[in-house]
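Peer 1: What follows is each chain in one-letter form.
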Amino acid sequence: MKKKIAVYKITFFLLLIVALVTALYLGAYDFSQPMTEIISTYLHTGVHTPDSFVLIELRIPRILMAILTGAALAISGTSLQGLFKNPLASPDLIGITSGAVLFAALTIVFGSTVMHLLSPFFRYALLSIMAFLGALATMLFVYKMATSNGKTHILILLLSGVAITALTGAVTGFLTYISTEEELRNITFWSLGSLAGSNWWKVCLVFIVVAFGSIQLLRKGKILNALMLGEKEAAHLGFDIEKTKRQIIVISSLMVGSVVAFNGTIGFIGLVIPYILRFVFNSNYNILLPLSMLLGAVVLLVADTISRLVVIPAELPIGILTAIMGAPIFISILINYKRKL
Amino acid sequence: MLQVHDLNFKARDRFLLKNIDLEIGQGELIAIVGPNGAGKSTLLSCIASEIKYNARNFTFKNKEIKNYTKTEIPLHRAKFSQHQSHEINLKNDEIVLMGRYPYFHNNPGTGDLEIVQSWMQKTETHHLTDRAYEQLSGGEKQRIHLARVFSQLENTIENKLLLLDEPLNNLDVAHQFKTLHLIKEFTQKQNTALVVLHDLNIASQFADRLILLNRGNIELFDKPEIVLTKERISRVYQYPCSITQHPVTQQSIILFG
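Here the protein sequences come in this chain order: A and B. Remember, my numbering sits 836 above the position in the first sequence when you count from 1. Remember, my numbering sits 1 above the position in the second sequence when you count from 1.
Calculated from the structure, these hints are not laboratory results. Just so you know, nobody snuck in bad clues.
FRET-style restraints, in silico, Cβ to Cβ:
1) B:Thr111 to A:Gly1005: 49 to 59 Å
2) B:Arg13 to A:Glu1067: 17 to 27 Å
3) B:Asn156 to A:Ile846: 34 to 44 Å
4) A:Gly1005 to B:Asn156: 49 to 59 Å
5) B:Ala12 to A:Lys1176: 29 to 39 Å
6) B:Thr72 to A:Gln869: 53 to 63 Å
7) B:Thr111 to A:Asn1035: 42 to 52 Å
8) B:Lys71 to A:His989: 26 to 36 Å
9) B:Arg13 to A:Gly947: 43 to 53 Å
10) A:Lys1176 to B:Gln246: 48 to 58 Å
11) B:Ala12 to A:His989: 19 to 29 Å
12) B:Glu186 to A:Ala999: 47 to 57 Å
Using 30 Å as the maximum straight-line C-alpha spacing, the simulated DSBU-like pairs for lysine-lysine come out as follows:
13) A:Lys987 to A:Lys1081
14) A:Lys1068 to B:Lys71
15) A:Lys980 to B:Lys11
16) A:Lys1174 to B:Lys92
17) A:Lys1079 to B:Lys67
18) B:Lys71 to A:Lys1079
19) A:Lys921 to A:Lys1079
20) A:Lys987 to B:Lys53
21) B:Lys92 to A:Lys1068
22) B:Lys62 to B:Lys123
23) B:Lys231 to B:Lys179
24) B:Lys11 to B:Lys53
25) A:Lys1081 to B:Lys67
26) B:Lys11 to A:Lys1068
To give an idea of the interface, some chain A residues facing chain B are shown, with a C-beta separation under 10 Å as derived from the structure:
27) Arg1055
28) Asn1061
29) Asn1120
30) Asn1122
Virtual Cβ for every residue (Gly too), placed ideally from N, Cα, C.
Let the sequences and hints guide you as you build the complete structure.
Peer 2: Shown next as structure tokens:
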């Protein structure tokens, strides 16, 4: 078993490397020089050529953002599924993504005066903090709605998500009416989801959040397994259930919030990745958590590369691609459910 | 080993347990018996710290039970619950391995895996390793969880406490006796076990003492032959019974009706 896990880890890691290298070379812009040369010239001169600008300021940050985003969405989805003991509990379906989008949109429209005064780093930080607060508020709302006597009712959880998504849709629609043209472009970009706006500031911020969050979540494998026995049984194994719940709720809100703040709604990754892994490893969260990070990174990077390539020189919003993957899997989970009823 | 004085448990203004006093020594196998709703499971839940109760004094190995930390107590005390989860999407040995979770961080040691294997053998579940948990019968699932609970207490600490809530439900006769022998083996190593049982004859055959509960009170806490009298059992269970002798072992056995 241990060997098998190691094999999967190495395979996914190699896949990630392959995807990364492919993504570097493919795109609307073709480089005239070898990549190492472009980078070394830039490092020596400090002046951008068109080649080095595309590579260093656009393509590399975007690739890194895809990796971080995929990893963050996948591990948050896996953790939430473990917490709620249901394969449908993913950040987008229970409305957390929508909550984050709502707060981010409000910040853009009503905070534009403040935002212009801030340096890029703080502007992005403010945006991700607001998105985090939106995600957290939604999370607490749906959790309280769906939980009674320590049991979470998945139907109410999902329907609360639907309600929140509807509310967000209405408010975002209203905001597009009152927004200026620049704000409008920003808001539309969110509802579709895109990694095109990535830059080094955003990558740094997301990296900090994802590094911190995943270190915490990767430790939760045993307790998420134990929760399958029931909360009392898990407590008899020495786990602090309430503390773990709080941690997972806050950390996954933080990760989803910061990712959404910069890339908009990229749906279904948190649903699809754990679903695929469960075929091989059942629900052993000790294995699912690390592997979901790796596979999430691979899948999102591949999806983003495809979205850059299919309609050159324009690009396809990545949300469309992940939805094409995600919707059939969502339906197949529902069919499984129906069989069990 | 275990001292409880004046334990009360109230749910919605109704006492489910009243004035419970217990003194239990090391190496004892105690059976908790009584009719439905007498408070057997509630008493076990109190001792397992699963529900909030009031007690004047509750010490475990001369230390207030509340002073044990969350990570310390699993090494001293384990509980087998009456209702087990129906859906666990894990391999059966991974479920048993959960009993070892208090002992390792991310990866189990070889010792942990050996303990899992040995308890799966003792509970006769090792042949189920590759079957899906959901497809096991009720009794098989139960034995998987027994293996898990026993694995949890496999350590060098002395005088451990095992709590079992109706462990014999769903088990066939042979496995009922095999399970009781495992519990007996455990208590013979100076450990203590409290077991909720329904079958008075099995209880009297294996337990050192019986706690007979009736409407939240301890009717009597004593040796089986003292507790099990015709008059008392008929009154508590509100059903006629008679006591006769086992033709082989000469122990007294209860027949209802």
